[in-house]
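With numbering that gives the first Met the number 0, letter number 25 in the sequence shown gets 24, and the count goes up by one each step, no holes.
Don't read these hints as lab results, they were simulated from the structure. Careful: at least some of the hints might be erroneous.
What the hints assert, rightly or not - Below, computed lysine-lysine pairings styled on DSS-like, alpha-carbon distance capped at 30 angstroms: (1) K77 x K61; (2) K6 x K25; (3) K61 x K78.
To be verified - Pair by pair, the computed Cβ-Cβ distance ranges are: (4) T67 x R29: 45 to 53 angstroms; (5) G47 x Q75: 23 to 31 angstroms; (6) S19 x E44: 29 to 37 angstroms; (7) T67 x G41: 56 to 64 angstroms.
These numbers come from a predicted model, not from an experiment. All residues carry an ideal CB built from backbone N, CA and C; glycine is no exception.
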Amino acid sequence: MNNTMLKASVNTQIRVTDWSQTAVRKLHKRMDLKNRADKGQGAVEYLGVIAVAVIIILALMKTQVGATIRTGIMDQVKKITEKK
Numbered sequence: 000m001n002n003t004m005l006k007a008s009v010n011t012q013i014r015v016t017d018w019s020q021t022a023v024r025k026l027h028k029r030m031d032l033k034n035r036a037d038k039g040q041g042a043v044e045y046l047g048v049i050a051v052a053v054i055i056i057l058a059l060m061k062t063q064v065g066a067t068i069r070t071g072i073m074d075q076v077k078k079i080t081e082k083k
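Please build the complete structure, drawing on both the sequences and the hints.
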């Protein structure tokens with residue numbers, strides 16, 4: 000390999016390394032910005048999950064399955080409270 004080819008090869012490796020480091024740095028900055036923008040959504044998401052759970056519980060209470068579950072829970076509560 001002659002000197003010109005060696006210089007070209009080394010130059011290419013340096014440029015590729017610099018480019019990849021720059022790309023990774025930019026990606027990290029984007030991820031940091033996205034993470035900052037997501038702050039505060041936790042409470043809204045929790046409220047959404049709670050709302051869905053309440054809807055499911057209310058729907059179950061109106062069905063026979065809900066009555067069975069309610070009876071089972073009440074029986075267990077009675078067992079616990081009667082022991083004391």
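(message) So, against the hints stated earlier in the document, which numbers end up violated here?
(response) Of the numbered hints given earlier, the structure breaks just one, which is hint 7.
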